[in-house]
Amino acid sequence: MLNYESVLNNRITEIQPSGIRKFFDIAATMEDVISLGVGEPDFETPWKIRNAAIMSLEGGKTSYTSNRGLAPLREEISAYLRRKYSLSYEPKSEILVTVGGSEAIDAAVRSVVNDGDEVIIPQPSYVCYVPMVLMAGGVPVIIRNKAENDFKLTAAELREKITPKTKAIILPYPSNPTGAIMEKADYEEIEKLISGTDIILISDEIYSELTFNGKHHVSPASVGNLRERTIVINGFSKAFSMTGWRLGYVCAPKEIIAQITKLHQYSIMCAPTTSQYAAITALRDCDMDVEAMIEEYDMRRKLMVYGFNEIGLECREPEGAFYVFPSIQSTGMTSEEFCEKLLEEERVALVPGTAFGECGEGYVRASYCYSTDHIKTAIERTGNFLKNL
Amino acid sequence: MNIQILKLLSKDARMSAKELSVITGLTEEEVETEIKDMTKEGLIRACKAVIDWEKLDDGYVSALVDLKVTPKPGYGFEDVAKKVARYKEVESVYLLSGVSDLCVIVKCRNFQEVSRFVSKELAVMEGITSTKTQFVMRRYKELDVALDVESNDERGVVSSC
Numbered sequence: 001m002l003n004y005e006s007v008l009n010n011r012i013t014e015i016q017p018s019g020i021r022k023f024f025d026i027a028a029t030m031e032d033v034i035s036l037g038v039g040e041p042d043f044e045t046p047w048k049i050r051n052a053a054i055m056s057l058e059g060g061k062t063s064y065t066s067n068r069g070l071a072p073l074r075e076e077i078s079a080y081l082r083r084k085y086s087l088s089y090e091p092k093s094e095i096l097v098t099v100g101g102s103e104a105i106d107a108a109v110r111s112v113v114n115d116g117d118e119v120i121i122p123q124p125s126y127v128c129y130v131p132m133v134l135m136a137g138g139v140p141v142i143i144r145n146k147a148e149n150d151f152k153l154t155a156a157e158l159r160e161k162i163t164p165k166t167k168a169i170i171l172p173y174p175s176n177p178t179g180a181i182m183e184k185a186d187y188e189e190i191e192k193l194i195s196g197t198d199i200i201l202i203s204d205e206i207y208s209e210l211t212f213n214g215k216h217h218v219s220p221a222s223v224g225n226l227r228e229r230t231i232v233i234n235g236f237s238k239a240f241s242m243t244g245w246r247l248g249y250v251c252a253p254k255e256i257i258a259q260i261t262k263l264h265q266y267s268i269m270c271a272p273t274t275s276q277y278a279a280i281t282a283l284r285d286c287d288m289d290v291e292a293m294i295e296e297y298d299m300r301r302k303l304m305v306y307g308f309n310e311i312g313l314e315c316r317e318p319e320g321a322f323y324v325f326p327s328i329q330s331t332g333m334t335s336e337e338f339c340e341k342l343l344e345e346e347r348v349a350l351v352p353g354t355a356f357g358e359c360g361e362g363y364v365r366a367s368y369c370y371s372t373d374h375i376k377t378a379i380e381r382t383g384n385f386l387k388n389l
Numbered sequence: 390m391n392i393q394i395l396k397l398l399s400k401d402a403r404m405s406a407k408e409l410s411v412i413t414g415l416t417e418e419e420v421e422t423e424i425k426d427m428t429k430e431g432l433i434r435a436c437k438a439v440i441d442w443e444k445l446d447d448g449y450v451s452a453l454v455d456l457k458v459t460p461k462p463g464y465g466f467e468d469v470a471k472k473v474a475r476y477k478e479v480e481s482v483y484l485l486s487g488v489s490d491l492c493v494i495v496k497c498r499n500f501q502e503v504s505r506f507v508s509k510e511l512a513v514m515e516g517i518t519s520t521k522t523q524f525v526m527r528r529y530k531e532l533d534v535a536l537d538v539e540s541n542d543e544r545g546v547v548s549s550c
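Line by line, the protein sequences give chains A and B.
Mapping to this note's numbering: the first sequence position 258 is 258, numbers consecutive.
Mapping to this note's numbering: the second sequence position 85 is 474, numbers consecutive.
Just chain B, same shape as in the assembly:
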């Protein structure tokens, strides 16, 4: 396991083995082996781009759905959480402390699809006692990336300081 590689990839997953080797001081082969091993161990799960879907007309709509769940004897919340996670419409599932038990991020093509999914699939699922759906109106920051600011370098071209 190599934390430095993980940190670098979490910032920019496009980094090549060559670049990672320059930064970490390992050989390219060592970097590749580390990445392969960490993928096999399930530490690295996927590498995806952060996309500002709002820039597109036919992007996605998302909703945060808070669920209250009756824990199943012997399984707690696991059973419901895992079932919810199986749906293609579900982007993330988290177990929460506080008023709600699970928070589910649902991603669909439009509002109707989200409401249909929540009412037909989640609300009626055994163990789920209530749902509270909150639509995402606008995204400002996602996975450490600010979405509403354009980079604007106001520094000069050259300076001696």
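Next comes chain A alone, as it looks inside the complex:
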């Protein structure tokens, strides 16, 4: 019998599976659960986009595309980023279409990180950054975003963590799970701190369409001279409700994209062709669909923030993504205890804040990718749970 421990790659075997897997597994098997636990849109992909995919299949567009993605798609991405975020990327050499934002993050990390390089990761944040840095041979350095800073990343916090070994900083804003956004002034402070260094910014902007209260998403690549050191990651999953299509993109100066292209070319070949054709329509013709979805999210967001505060869970008003991140500290429970008991007693599923890093302790994540009736029922039941404590 093979000794698998000795044959497998240490770098992979040493990565710990997510600690709250147990809770996820329990939740997944329970019936009649009312969940606020899912981080993907409840809307179907707008019909125009689905139809464009069908038309491309009918037209026999079933072969590989260029490694970097369909040229017209890259042109649309370039135009879209200019129009929305004042970014300027050359479609031929500075944009690469990927299999979702996830591939883009992985490739971006691998393209810059050498063994032993430190990568600063603000938390609470999406779970993939730490394992991806580890798999690339890097050393994750965690910054704890604080509630009193509205979970933003501050230059002061960064200053404490930057060392001569710092290779890159992950910027996951708008944030899953906190809903925090970064504004121009926030990035200007960071620019002052890192200008003159070789530190790379990996900016995961997958929630960029989802900002509220009149705030618009700011990409660090549009601030001062940060463009030269920024890798912008975005995609279609959240903005166009296209999670299952697996389509994202990465933009950066051509010297970086040339390296990322090699990773992509040898491990992926090209992003799904059908999804690429659909995405052209998403960028060209779907402003109205996106606006309607954002309007709906905004309404739910306000009802949810109000609802949690009303039942006694302190909840800040997040300005981005589609999550709220209420504090459960008043209950004296840990996040996991709270979520397990709430699930057991009231059949409501929330995600413990610790799923997004240790500093998520004391918080839970609730997604508003659900109908208002669903949200109201979930909050009502959570209210009952609190009353019976």
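Hints in this document: simulated from the structure, not taken from any laboratory.
Please note that a few of the clues may not be correct.
Within a straight-line C-alpha distance of at most 25 Å, the following computed BS3-like cross-link-like pairs (lysine-lysine) qualify [to be verified]:
hint, chain 1, residue 1, chain 2, residue 2
1, B, Lys400, A, Lys376
2, A, Lys376, B, Lys407
3, B, Lys425, A, Lys302
4, B, Lys396, A, Lys48
5, A, Lys192, A, Lys146
Let chain A serve as the given structure and place chain B on it in line with the hints.
Chain B only, in chain A's frame:
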């Protein structure tokens, strides 16, 4: 007048003043005053549920009846349109561009009632020169609501993405 309240109510008329106040940032009293004023001004006409009558055996049948109308000097199509609208059987009346002049949606308990209504009331009305009745066979979408799809959430229960 408050467009945001109108938009929200047009999507879900059951929204309470409390909920509307949370979403718009107005106080509950301000929301109530706005709604009262907009109702008085005739902007908000009614609040009704969208019902899938086909799920019931004794639902309704509807027909789209296109009318050709001789316009009356001084009144145009107004006169006929308003007269048609008075009938209980008539759900909607629209003035159209193109071949027909008016489109009337007629709603009755069965086919016979619709045909009787069209032949005895509409076809013989002064000013109406022809009728073309098309029965509704099936409804797929009404007032923005898709009727033939059941919501089916295939997403998992929890995820970290």
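Going through the earlier hints one by one, which of them does the structure break, listed in rising order? Violated hints: none at all, because every hint is consistent with the structure.
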